[in-house]
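**Student:** The lines below spell out each chain.
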Amino acid sequence: MSYIAKPKVVHPGLPRNELGLSLRDYEGGMSTLCAGCGHDSITAALVQAAFELSIPPHRMAKLSGIGCSSKTPAYFASASHGFNSVHGRMASVATGANAANNELTYIGVSGDGDTLSIGLGQFCHAIRRNLNMLYIIENNGVYGLTKGQFSASADVGSKAKKGEVNQQPPIDPCLLALSIGCTFVARSFSGDKEHLVPLLKAGIRHRGFAMIDVISPCVTFNDHEGSTKSYSFTRQHYQPAVYADYVPPAQEIRSGQAAGSVQAVTMHDGSRVLLHKVGADYDATDRLAAFGYLSRHQAGGAIVTGLLFIDESQPDMHEVQGTPAEPLNSVSYARLNPGQRGLDSIQARFR
Amino acid sequence: MNPMSTQPANNDFTVKIANVNGTGSASANTLLMKAFFRMGIPVAGKNYFPSNIQGLPTWYEIRVSRDGYICRSGRIDVMVAMNAQTYRKDLADVAPGGYLIYDSTWPRDRQLARGDITVLGVPLARLCNERFTRARERVLMKNIAYVGVLAALLDLDLEVVKGLLRESYGAKAQLLDANQAAFDLGYDYARANFSCPLPFRAQAMGATSGHIMIDGNTTAALGALFAGATVVGWYPITPSTSVIDAFKRHAERLRKDPQTGRTNVAIIQAEDELAAIGMVLGASWNGARSFTATSGPGVSLMGEFLGYGYFTEIPAVLVNVQRCGPSTGMPTRTQQADIMACAYASHGDTRHVLLFPANPEEAFYLTAEAFNLAERLQTPVIVLTDLDIGMNDWMCRDLQWDDAYQPDRGKVMSAEQLEKIEKFHRYLDVDHDGIPWRSLPGVHAKGAYFTRGSGHNMYGAYTEDAKEYQDVVDRLRRKWDTAATLVPAPEVDCSGRHRVGIISVGSCDGAVREARARLAASGVGTDYLRVRAFPFGQAVQDFLDAHERIYVVEQNRDAQLRALLLLETRIEQTRLVPVLHYDGLPVTAASIVDGINQDMAKGQAA
Chain A
1 MSYIAKPKVV
11 HPGLPRNELG
21 LSLRDYEGGM
31 STLCAGCGHD
41 SITAALVQAA
51 FELSIPPHRM
61 AKLSGIGCSS
71 KTPAYFASAS
81 HGFNSVHGRM
91 ASVATGANAA
101 NNELTYIGVS
111 GDGDTLSIGL
121 GQFCHAIRRN
131 LNMLYIIENN
141 GVYGLTKGQF
151 SASADVGSKA
161 KKGEVNQQPP
171 IDPCLLALSI
181 GCTFVARSFS
191 GDKEHLVPLL
201 KAGIRHRGFA
211 MIDVISPCVT
221 FNDHEGSTKS
231 YSFTRQHYQP
241 AVYADYVPPA
251 QEIRSGQAAG
261 SVQAVTMHDG
271 SRVLLHKVGA
281 DYDATDRLAA
291 FGYLSRHQAG
301 GAIVTGLLFI
311 DESQPDMHEV
321 QGTPAEPLNS
331 VSYARLNPGQ
341 RGLDSIQARF
351 R
Chain B
1 MNPMSTQPAN
11 NDFTVKIANV
21 NGTGSASANT
31 LLMKAFFRMG
41 IPVAGKNYFP
51 SNIQGLPTWY
61 EIRVSRDGYI
71 CRSGRIDVMV
81 AMNAQTYRKD
91 LADVAPGGYL
101 IYDSTWPRDR
111 QLARGDITVL
121 GVPLARLCNE
131 RFTRARERVL
141 MKNIAYVGVL
151 AALLDLDLEV
161 VKGLLRESYG
171 AKAQLLDANQ
181 AAFDLGYDYA
191 RANFSCPLPF
201 RAQAMGATSG
211 HIMIDGNTTA
221 ALGALFAGAT
231 VVGWYPITPS
241 TSVIDAFKRH
251 AERLRKDPQT
261 GRTNVAIIQA
271 EDELAAIGMV
281 LGASWNGARS
291 FTATSGPGVS
301 LMGEFLGYGY
311 FTEIPAVLVN
321 VQRCGPSTGM
331 PTRTQQADIM
341 ACAYASHGDT
351 RHVLLFPANP
361 EEAFYLTAEA
371 FNLAERLQTP
381 VIVLTDLDIG
391 MNDWMCRDLQ
401 WDDAYQPDRG
411 KVMSAEQLEK
421 IEKFHRYLDV
431 DHDGIPWRSL
441 PGVHAKGAYF
451 TRGSGHNMYG
461 AYTEDAKEYQ
471 DVVDRLRRKW
481 DTAATLVPAP
491 EVDCSGRHRV
501 GIISVGSCDG
511 AVREARARLA
521 ASGVGTDYLR
531 VRAFPFGQAV
541 QDFLDAHERI
551 YVVEQNRDAQ
561 LRALLLLETR
571 IEQTRLVPVL
581 HYDGLPVTAA
591 SIVDGINQDM
601 AKGQAA
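Taken in order, these protein sequences are the chains called A and B. End of the first sequence = 351 in my numbering, gap-free, step of one. End of the second sequence = 606 in my numbering, gap-free, step of one.
Note that these hints are calculated values from the structure, not bench results. Some hints here could point you the wrong way.
If the Cβ cut is set under 10 angstroms, some of the chain A residues that face chain B in the computed set are [claimed, not checked]: (1) Ala-61; (2) Ala-79; (3) Arg-89; (4) Ala-99; (5) Leu-288; (6) Gly-292; (7) Ser-295; (8) Gly-301.
Covered by chain B, per the in silico footprint, the following chain A stretches (three or more residues, Cβ under 8 angstroms) [what the hints assert, rightly or not]: (9) 113-127; (10) 214-220; (11) 239-252.
Every value quoted in this text rests on a predicted model; they were computed, and no experiment measured them. Cβ atoms here follow ideal geometry from the backbone N, Cα and C, with glycine treated the same way.
Chain B extracted, bound-state conformation:
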């Protein structure tokens, strides 16, 4: 395919469904997305939903991409306009040459007129009202009916759809029949009234085997589950709540102890985020692997305890599913605007290890890794995902778990070790790597020490002595240097031939990959580094040193990753050019290409 193409083609188009939230469209949209996936075609689903339970506009976007590009396409080829509130906007969003499907039970020929697209009216409400009797059913089944319309227009494999319906509703024959009937209503109407299929359609491929469609909140939860987390303190907040929901659901099945019949976890809903992180620190201090998940305001509230964890050196894992800030912001929109707030969360000289997964697959591995790092380094580790990774379904390679895995519990004194030593000192750097040994409560009287956020010396005793205090904070800085050698290395695609580099982070990755292909097609070659952790480590410095001009692509207004690079590496301001996207929707390849092209054009003009 020509990467510069903006025309739809077979297995290369985007469908968007505009709906009203609370009308049960989620299962219909999942059905549609899964149908492409089961046909072996790479697909991505993005849900743009309101912070509301019923009655506000909601959209679901499905990108079908034979080339495997899974970021937001930024182009709508087929719009299903089910929400009269947003007709005007939805009509305007359709790309020239595209299609708009709407419920023509109430004809709106004049309102929906646009010369350069095709408007297809389907009397969805009338068809469903004639077929179904109960009010709720009539509303719900309109959604399945539009899936039927799309199946006809896009030539979906009907066996695949039937199979999916059986899996979802097979247990209830009546429900299965109703859904199949609604699907047929839409399918038959489209076949009878429109020229099917459209010029672009779905064609079976074999590109999805060995893959799953999964959201990053589920995979982060699985990462914690497989890493052996047993205590969870949490407080509900969008968009991180489903991390805990998933952890609970899967723990109830996979953590049921055959010996006791009990589930080997304690999941405690806290009164607020301050308590949630307090519980995590208490549990980790006591030797359990423990974590919390939060978003936006929750991170701000956890600040004091994060600083406490840093200074007293207690492991903790926090999954921050970033949402749109500042303040309450837009809770159901995505952003990467907590990078700075997390890197230096809390007052005083505080810094935290951050991990940046790019997708749900990596969210699984990095969340699991966060527990090893937290315990090895005895410090809080924050996994920064975002709403796009956390709540949207992504096509990912199958997850693997090494059955030989053993958790790295770090430097923990056993009862035997404590018995042998003369005296235990909590904060003594005996191994010269900045990481002291810790002891767990209840293990041995010789291990007892007093954990305090106030000034302490290397022996763990209270101090207000200038030198004793400074010794401890200097040693914490040495521990940070050790951290830089232990955190995951960046992902680098460096030919050594290009003078232009791109640095990016997290969920920008898919869009950057597509942007690089488009840039390459237009003759602009780029190298690429994706940061996976903070502290950055040598590989990041090497990449910065090796490129003249480096575009830093991220999803926030203030170029926070760029700022962190400027603070924590040796790089001049002028060589780091921000390429920013921060409107709350996931970043597109087009916006990155535009940003880079604009800067290059400026360079040529000067």
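With the rest of the complex left out, here is chain A:
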């Protein structure tokens, strides 16, 4: 971690977004993670994405579980409410929070331990509900805070710092998410901010559960020779299938953006995501094809990245529930209370 806090002074020349806010207005407390931690790069990308989308900071809610990754909501958007929940249970808190107020932007940050082991059940069921949130997995293959045990995303053959070799097959969050109906599945790398920021923006704007698995190397416990989640291994095996470009509502698609093999997906708010395919055969709107592509390429040792699958047509939790458009937490008591007359009408059946 660094020990010198940046003073909160905004240079008058700093760019402003539609709300007149600068990047600094989306920053948070000083990170206490290890110097060089991938998570800090993701935090920076989140700051960038929220700034560029001009989200009022107090209209965002940040949620997390337990672990190194789950500390990061303290490091961005100080003007947003944060909820550092218990281990592996962020998804349920986000579900309740979203049920109470469907108007906020929910950003969940978790890790591979928090999501794929203790929190696997909640992760899966939040996907099944198509809960409207961005869910980031900061994936480094180890438990950092407890000093380097393998997590469920560790690859077979990956070597721990002390020499132990993992023999249990990994849970791949992307394949898992695809198999249970996730409506936005992406993978990225903390070392590639240019690739990550548009994905975060698209994920935030996606109406439904947007899962982004971000390979985020642990510099202290999993960045050595023999690890399959190190910076160097990830750089060597990184294989983009599709690049995402985010185009805000009412903005023209520039000619450069549309070059090559591009697929445009329109989001609910009118914004668009442009998918630049690297492989000509890749179709990010075909769930089965995406599953097959991922399985095949990963069997060959590739880390496939990009917006791997998107489906804007599925109903989110509120649509399935049939809740009103108005946030439930702002419906006045007068409209919730059936009164003595309502009570009498019920009691008539119990005589």
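Could you slot chain B onto chain A? The hints should help.
**Tutor:** Quick look at chain B alone, frame taken from chain A:
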């Protein structure tokens, strides 16, 4: 009436029906119970059902009590033995002088011989097989036929029965006809073959007007509905599931917004109880009134989040419909054995506000009150009912709702308040009552803070500093003292003349009242306090101080309420005598009288 009497009399008897589950006896049993109620006679129905869908023994017990005693009587005057699997036990359970009715399509004269009771055979299966053609109908209608037999023997008002049948089946003429015909089969057979009515029978009274027959899961759901709950996270578990079923059913009717046509609730079935309580905390943190209901194992699973709610000070309401533990225990039997597990649920120095309704009526009011307390105190509040309250039909006074009621949302900073202040600090005790102010997400940038279950200081920042940590947990303890002044006071019946006191809780109340009447009739006067909340408050201490010997009546093996009193008040062990009942059936007055008498006899012997 002589309270010591154990003989049946008019409007004072118990009927028990032994059946096989899955044969559709529930509607017949309800019909019978409702008939007494409509005749104006106080009545209670208790369902002893298996944790099973079809084929296992199930019993339904109806106590008719002109004196209004509604606990389990512990005496069976009329047994309807419809289940050959349990004949032997059912025969043995009939009180001397009582009656046993069975299906004599298959005569069992030798098996059912008992000299001190009267056995009445009715060929129910034969009568129904002759009258009905479809297999399912033949099975179902046997149940209505035994109601007909009982109607003749107990002299039920036939107009009342007809009215009830019309209400249930009026929409389907064919069904109504079949039920009426089955009822007549049993009624006519009994009139033709037995001396009707029996020496004890039903006589119309006027004691049930202004009352309803309702179960406590329904009333707890209504309490939440009227308190304004909008978000429910839940996971199915017996015996709490019907809390949510009822909430959903009534919300769909009463919460339909005329403006939008949508229902103003979100009822989310979770993947487990951990997620259910997580949803409640998320919703409450975000400013909605939110609750969950669970039982037994669910409470254990919710432990971690309950501690989180306590430490981060998020309101939450949990209705715990207690069942028989430990472990899976007996899911369809009753107990009050979660008192300790709830009072201190979760690791660390954690303590929770508990509310203890005694019956469905109180379950309505206390569940509604739980939301006010949870938000005023910013902490989880657990309403402890049990299977007896939750799933049995109790006669209760009509429920009232004050149309002037406004929810107490507690100390929540508005956007205007936040705009005015220089800086908001989440855990600062500005009012010196231990309760800080909170802010809701999305309201104002100045309200933002980081909710964390890890060590935090009074400003809400992360801390590992010894003093900063201790300041917060000490302030939480002061908040607990405030809670003791806000929770519902105990119900006390104290003459000031008696040296003997009884303290009880929840569904023991009916049995304790009856036991006190019996004890008084035998010359033992007692004072009575029924705990309605934890923390206990001054009134409980005063009652303890005012009595030499205090019997603590509760439905668990380990005397958990007594243990809690010993921990949380100033009372010596020797003055608190446990009177315990924990076999899974609701407590009877007789077991309490026996327990107290035994202790008193010991005292005299010594």
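**Student:** With reference to the structure, classify each hint as holding or not holding.
**Tutor:** Hint-by-hint comparison with the structure:
no. : hint    : verdict
1   : Ala-61  : holds (5 angstroms)
2   : Ala-79  : holds (4 angstroms)
3   : Arg-89  : holds (5 angstroms)
4   : Ala-99  : holds (4 angstroms)
5   : Leu-288 : violated (26 angstroms)
6   : Gly-292 : violated (28 angstroms)
7   : Ser-295 : violated (26 angstroms)
8   : Gly-301 : violated (34 angstroms)
9   : 113-127 : holds (count 4)
10  : 214-220 : violated (count 0)
11  : 239-252 : violated (count 0)
In terms of the numbered hints stated before, the structure departs from hints 5, 6, 7, 8, 10 and 11, listed from lowest to highest.
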